[in-house]
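Asks: For chain A, the structure is supplied; the task is to place chain B on it using the hints.
Number of protein chains: 2
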Amino acid sequence: MYRWMKESEKSKMENRKIQERLAALRSKMNDYGIDYYMMPTSDFHNSEYAADFFKVREYFSNFTGSNGTLVVSRDWAGMWTDGRYFIQAEREMEGTGVTLYRMMDEGVPTINEYLQQNMQDGQCLGFDGRVISAEIGEELEDDLADKKITFRFDRDLAQEVWTDRPALPCHEIYVLTDELCGKSFAQKLSDVRVRMKEYRTKAYLLCKLDDIMWLTNLRGNDVECNPVALCYAFITMDAFYLFVQQAEVTEAVRSYCEKSGIVLKNYEEIIPFLQNHKYDGKTLYDVRNVNYTTYRALKDTAEGQGTTIRNEKDPTAMMKAVKNETELKNIHEVYLRDSAALCRFIYWLKTNAGKIPMTEYSAAMYLDELRSKLPGYIELSFPTISAYGANAAMMHYEATKDVYSEVKPEGMLLVDSGGTYMGGTTDVTRTIVLGRISDDIRRHFTAVAVGMLRLAGCNFLYGCYGRNLDIMARGPVWEMNMDYKCGTGHGIGYMLNVHEGPQNIRWAMRPGLEDAVLTPGMIVSDEPGVYVEGSHGIRTENILEVAAGEKNGDGQFLHFNQLTYAPIDLEAIDKKYMQPGDVEALNAYHEQVYQKVAPLIEEQEIRAWLREQTRAI
Amino acid sequence: MYRWMKESEKSKMENRKIQERLAALRSKMNDYGIDYYMMPTSDFHNSEYAADFFKVREYFSNFTGSNGTLVVSRDWAGMWTDGRYFIQAEREMEGTGVTLYRMMDEGVPTINEYLQQNMQDGQCLGFDGRVISAEIGEELEDDLADKKITFRFDRDLAQEVWTDRPALPCHEIYVLTDELCGKSFAQKLSDVRVRMKEYRTKAYLLCKLDDIMWLTNLRGNDVECNPVALCYAFITMDAFYLFVQQAEVTEAVRSYCEKSGIVLKNYEEIIPFLQNHKYDGKTLYDVRNVNYTTYRALKDTAEGQGTTIRNEKDPTAMMKAVKNETELKNIHEVYLRDSAALCRFIYWLKTNAGKIPMTEYSAAMYLDELRSKLPGYIELSFPTISAYGANAAMMHYEATKDVYSEVKPEGMLLVDSGGTYMGGTTDVTRTIVLGRISDDIRRHFTAVAVGMLRLAGCNFLYGCYGRNLDIMARGPVWEMNMDYKCGTGHGIGYMLNVHEGPQNIRWAMRPGLEDAVLTPGMIVSDEPGVYVEGSHGIRTENILEVAAGEKNGDGQFLHFNQLTYAPIDLEAIDKKYMQPGDVEALNAYHEQVYQKVAPLIEEQEIRAWLREQTRAI
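If you read the protein sequences in the order shown, they are chains A and B. One point on numbering: in my numbering, the residue at position 397 of the first sequence is 402, and numbering is uninterrupted. One point on numbering: in my numbering, the residue at position 209 of the second sequence is 214, and numbering is uninterrupted.
Honestly, the hints are just simulated from the structure, not real lab data. What you are looking at is a predicted structure, and each value in this text was computed from that prediction instead of being measured. A portion of the hints provided could be inaccurate.
Unchecked claim - Per label pair, the in silico range of CB-to-CB distance:
1) 378(B) / 537(A): 51 to 61 Å
2) 558(B) / 150(A): 46 to 56 Å
3) 143(A) / 513(B): 26 to 36 Å
4) 316(A) / 95(B): 25 to 35 Å
5) 520(A) / 486(B): 51 to 61 Å
For each residue, glycine too, the CB sits at the ideal point set by N, CA and C.
In isolation and in its complexed conformation, chain A is listed as follows (with noise of 0.2 Å):
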């Protein structure tokens, strides 16, 4: 109660704050001849997670969720954003005179519809075009050519608004070793390179920053949770440009580069680049990744060379999500220490929950210091969600320093959590018992870990997508008339973003939706869960490699084999709920569990612990 009278003063009194804010915007729109002014959520590069330096539409809103889009113009803003935040949004921008949007909502207008209906032939749009995809801008383009609605994208009126902004980030590059990496850049860029001709393309536009990483065998440290740098690539048939922030360049990258044949260019160089370089035949580039301001440059100079611009799924993608072999050798001894460090942390748990006092927050400080003390740690690959009891419902539920609960020795903790680490990033949940559960949880609990164990132990052929797949997860959850609101599975990085793609284990397919043929040497979470709002929230991730197995007149098979070795709490296991394979299943998986864990354990009580923990049942 004390904490929310404090947050609605501290509202009242940000709200002419904004309010002013917006004043200095209007001016400056005013300035630019810019009749509306469009501010999304994102990075230069449409990374996962925006710095502080792209928190535009939260500094004129006060709105701080993951998604949300701030439209003004000259009497009005609006703020789109989706249903996990209609209530928070309505809290955080009270007093704003923002208008709140709800998206999806029957009767809402879209952005375009909006703009289609409230703008007047001839006004002007304005946006930073860095922030914007070109898929985004190409849709604006058409939704609004009845108008002759003019664009003005080469103004980012924040930074003449926002007197303290915080910088772009900017953190030092730094180089891995071919041995680490299990193929050197020049064999990634041949490859690249043949992709590049199999299209007739004379030069590619790369800016996925996951994509530019691997491609260099480069990592960065720019984006939260991504060991990524901000930067732009730029191929042709004989060389290789690199835009990249010149502080952030160490003597090991400058060297590593000029060795390499990397062309160094400063971050900001990259449009004057484009504009200026001299086309000698299409180039490639991916309509997804490619950020408004860089396409048009690309399109408006090539074009106006002559020559075409080619729009492609980037090559890159599926290179980075097959593994090669010193990667998946890397990834296993690193999940295998990641398991190892998750089972001493679900022992503390179940050991002191309702012993020593014990938050959220506090439970998942513990977890992350484990991590952090294996050996090649690198940081977290996403914030460490810990979540107990009803709050496990809410999907995007974040305990902080100030907002957490209490765990108490009753119901569950749902922790889901990873780390990038030298040879890795994993990602893992386990939703452990503390004390007494109904019988429902048990119910949930045990359809959602067969669900993960029927998906993990499935045989198929080449040429299934994750589509094909899902039901075998999600089916045990279908059949109680239940879902979980998301896909069942994600690709994963190497030493990379913890959500990768093209592959992805879902069910339902949206136009525009990435996706791939499950391929061996890739690696998905199977993510299976049970939410029930206001009541208790279950997720058993295990993280699966594909692999082949046999081949013959009908093609070839593949499995999956395990990455994750961590108990599933049996105390929320009833085997009323299983048949006889599913048991066996959970059976086998607990005793590689013990097997492979138990050696890297020294604790004897840890390890009788864990003999039990993953006893046959």
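Replies: Just chain B, lined up with the frame of chain A:
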């Protein structure tokens, strides 16, 4: 051996005949300035079964397979067919001088590639444009544009050479009552016009025979096993034109058409009609279902008048696929009677095999006879497949009066069959044990039964396509590192074609393959199998109705209702290959079979037998 010799003699005798026919064709090609003449396997509407009138390719090559395209130049002739027919085509075309092109074999050009490589600039390609789809015609246009090839598609040269050609099929049309159809022509037409408006079209050219039958509540008899008449429909906002052979129009049909506002035109009038029609807006058509001649008449005239055409999937396909309440009620009754007939057949087969003379063909005849006595029987929905022992491993095997195997009291007989009745079209497969079988067969048979029952028993969300569910049926086969090289299921018409789209149950998606969200009221087959070349073939096929279940915050749940009730042979089931849940599903299904079918069987001994066949295991 005797039969082989006779065939080989016949073949030698006929080869001269083929050469003479090809010479006559070449002479006509010369008359019309045609350099290459192409003859595919199709009627004017791309029906599944082409009548004798359309067997032009057979006439000029002697090759009788269900798929093949013959191309003839002045000094060469080539036949393209697929792997199913390589051996047969070689044998049948011996001595004809026609070269076999094995489709999909390495290094073998496609027809279009062959023409690109061998036709000279400005030469003329001839074909009867009525037996080639607009889609294929457009591809030819694209592929041969560089060589400035002219097309002559208005001549059916076969008509001028084939003197004793069978007549175009021409059988009387009949009218179904609105009571039997559940929806009147007027109501269906009104639905179609709504879709025409949504597509902003003023006219609609519909060429798919079963769609026209569905829409008009008429039926015909011009295509084997498909109760359809050869026809075209042209729909405007205030008129409906039906093009049929006038000899097919009975007094009842004429009176029904007059009453319903259907303007009858002669079948051959479609081209002049399209060429003389005044188009007052866009015309809807489906490039997959309109033949090239008709397409060009529409396109050239409409565009000549300054209007355009719009290619969309025929909207009638989805309307026809989702059965209405009347149709579903009738379908359930028809399937029950058809199931009872199948039960009688299985009883007869298992009781008499080895005791009376029996062949694959005579067994099929016995079953066909049982069906023909059922109320409302119209015809078989496809030629009965009756395949004994290793023959069942050949998916396209068909025993005939002359070529068949003897049925012995060992191994199994696979019988895939169905009928069209007033009230529905059926399709069902059972593989029936006649004596000793191996443990391998038991393992395969059990996996197939388990797969069929798992798909039939699954619960899923609205939004699923067949590809999301296929693994439920196929998974148990994949678990054995085996596959069946076909889809798991297809849609089925209502007193119409046994193969109907757009829905299906498949895992692999080929470009252009039609697909649809599974929707309550659709019916689909569920027919996993195991086929071991030279040894045995197993298929168990039930037909399922998509039905609505619980609707809650997670969405609309769906499940399947069984339509087929016939025992799955317990002699080939081994519980050791099943989970208890599968055993329960089998027992529950068998109990339903007995409860529903026994009341339709008077004979005490057959009922007792059925009780035993459907016992719980």
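Asks: Going through the numbered hints above, which ones does this structure break? Give me the numbers in ascending order.
Replies: The structure breaks hints 2, 4 and 5; every other hint is satisfied.
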